[in-house]
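Chemist: Residues per chain, in single letters:
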Amino acid sequence: SQQGEEDPQALSIQEGENATMNCSYKTSINNLQWYRQNSGRGLVHLILIRSNEREKHSGRLRVTLDTSKKSSSLLITASRAADTASYFCAPRRTGGGNKLTFGTGTQLKVEL
Amino acid sequence: EAQVTQNPRYLITVTGKKLTVTCSQNMNHEYMSWYRQDPGLGLRQIYYSMNVEVTDKGDVPEGYKVSRKEKRNFPLILESPSPNQTSLYFCASKQEEANEKLFFGSGTQLSVL
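Sequences listed follow chains A and B, in order.
Per the working numbering, the first sequence starts with residue 1, numbered consecutively.
Per the working numbering, the second sequence starts with residue 1, numbered consecutively.
Think of the hints as simulated: they come from the structure by calculation, not from any bench.
One or more hints might be untrue.
[What the hints assert, rightly or not] Dumping the calculated DSS-like pairs for lysine-lysine here, alpha-carbon to alpha-carbon at most 30 angstroms: (1) K101(B) / K26(A); (2) K26(A) / K69(B); (3) K26(A) / K109(A); (4) K56(A) / K18(B).
Full structure from sequences and hints, please.
Modeler: The following block contains the structure:
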């Protein structure tokens, strides 16, 4: 099944630094969503980028999408300890209907 | 408050004892889905439902049943649980349109002994 693969698997940074995580996928997509999961809790939607968009911002989040490379990146600027979480990308495959699949995520740790 | 409510939050049971995990949403969403999350495997979809009385298999449906008799409820049924169904389960819902975001419940940690 189509799912994004997040990279790196784990990332540890200091508070105030920027965090970048990447997502690769295999087939054409309608859109790609990013979600955050605090330890053991439900995923929370962060941002959606459509296939005809290249960049999108939401607060300290910046998402880019390169459909030619089948990849996306999520940048969190000026990270905070509260950003510590796992981050998942979910590409919505063209013709895949409502199916949304998730990978194993990037585990981000922001240290004080 | 818009939310997806799962119950129970934690459940310990024994092999073969039927159980049901409930899921309810108050957003009038057409689409509902169940996922399980296991270390190293990410989230995998078990079943989903596009609307009342419409359900379909996800990637790992074996050993599970679902029903959608009402729009707001989508229970997950394990008729005869086995230890390999020990996992963290999430219910999610969204509007029917494909571009809409998913809303997740808080999760049910199930242990089958």
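Chemist: Work down the list of hints and note, for each, if the structure agrees.
Modeler: A quick look at each hint next to the structure:
no.	hint	in the structure
1	K101(B) / K26(A)	holds, 21 angstroms
2	K26(A) / K69(B)	violated, 36 angstroms
3	K26(A) / K109(A)	holds, 28 angstroms
4	K56(A) / K18(B)	violated, 46 angstroms
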